[in-house]
Amino acid sequence: MTFQPNQPTSGTLEHIARSTVQIPRAEQWTMKSRHGNHAYQIMVFQPAEAPPPSGYPVIYLLDANSVFGTMVEAVRVQGRRPEKTGALPAIVVGIGYPSPGPFSPHRYYDFTPQTTTEYTQNSDGMPLPKQGGADEFLQFIEEELKPDMERQFQIDRSRQAIFGHSLGGLFVLHTLFKKPEAFRYYIAGSPSLHWNQNVMLAEEQEFVARLEQHPVNVKVWIGMGEQEKTHPARNNDKALSLTERLSALNQPGLDIKYTEFEEENHVSVLPFLISRTIRFACSPES
1 MTFQPNQPTS GTLEHIARST VQIPRAEQWT MKSRHGNHAY QIMVFQPAEA PPPSGYPVIY
61 LLDANSVFGT MVEAVRVQGR RPEKTGALPA IVVGIGYPSP GPFSPHRYYD FTPQTTTEYT
121 QNSDGMPLPK QGGADEFLQF IEEELKPDME RQFQIDRSRQ AIFGHSLGGL FVLHTLFKKP
181 EAFRYYIAGS PSLHWNQNVM LAEEQEFVAR LEQHPVNVKV WIGMGEQEKT HPARNNDKAL
241 SLTERLSALN QPGLDIKYTE FEEENHVSVL PFLISRTIRF ACSPES
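For the sequence shown, my numbering assigns the number 1 to the initial residue and increments by one for each residue that follows.
What the hints contain is simulated information worked out from the structure, not anything from laboratory work. Glycine included, C-beta positions come from ideal geometry on N, C-alpha and C. Please note that a few of the clues may not be correct.
[Claimed, not checked] Pairwise CB distance ranges (calculated):
{"hint": "1", "residue 1": "V267", "residue 2": "E150", "range": "31 to 37 Å"}
{"hint": "2", "residue 1": "K130", "residue 2": "A50", "range": "43 to 49 Å"}
{"hint": "3", "residue 1": "F153", "residue 2": "E244", "range": "35 to 41 Å"}
{"hint": "4", "residue 1": "E263", "residue 2": "A50", "range": "38 to 44 Å"}
{"hint": "5", "residue 1": "A209", "residue 2": "S19", "range": "52 to 58 Å"}
[Said to hold, decoys possible] For lysine to aspartate or glutamate, the following DMTMM-like pairs were computed, each having C-alpha atoms within a straight-line distance of at most 20 Å:
{"hint": "6", "residue 1": "K179", "residue 2": "E203"}
{"hint": "7", "residue 1": "K238", "residue 2": "E118"}
{"hint": "8", "residue 1": "K179", "residue 2": "E136"}
All chains should be built: construct the whole structure from the sequences, respecting the hints.
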């Protein structure tokens, strides 16, 4: 990121040397999936602090084009003093797209289990992008991205988290229902539960039915902005109901909670979710 003022207001400013602002200890590269040949911009932050004997906790971050910097700065600052902040140093693996914008249309494909039957167009009237590739995207994460990260970095496989917002939050819950052993911590920010409603309900029921024979060991956190209550989708109500249904199961290995952030909306809630995620997924006591 480079700061370029429109016009210098002082003769002195004209002679100041400028340089690009970079995120410390972060790097990125393009990775193509074997299934589908989709291109992803992989962004990785590695802490300056030495790893624990078991390796660093790791946060896999969706929509990295929009929130990688926010997550990294939260991890970098909080991870310096775990005894004060309650957050260990962690690796952040951002999954983004080779696109200049904060959100790529391809996220509709990656984050949705099936093509929606409820909606035909965006709020701007344009047709929706292709959808229904969530299982393929999860396969890429599990079979290609994770092994590559574990070869390159010292990662504690028992301390893996996934963070997604909006449609990304929907994908987080889809992953929980379909492959709960993939992660220890699931953070679904403002999940788009109005999308694929019948599909997600069926996945939830299958997940619950498997719990007796296949208990889980996961911590799930759903966070929403208070102002999202006014949206016709009613996703706050849907998220709270989901939390209550899963909590009522009293499964010892399933820890789920719901938080609503006062005076925040669907987008402004993101920094609050990210800051809280560090303590949720990287606590020394977890």
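Subject >> Ascending list of hint numbers which this structure does not respect >> reply: Nothing - there is no hint that the structure violates, so all of them hold.
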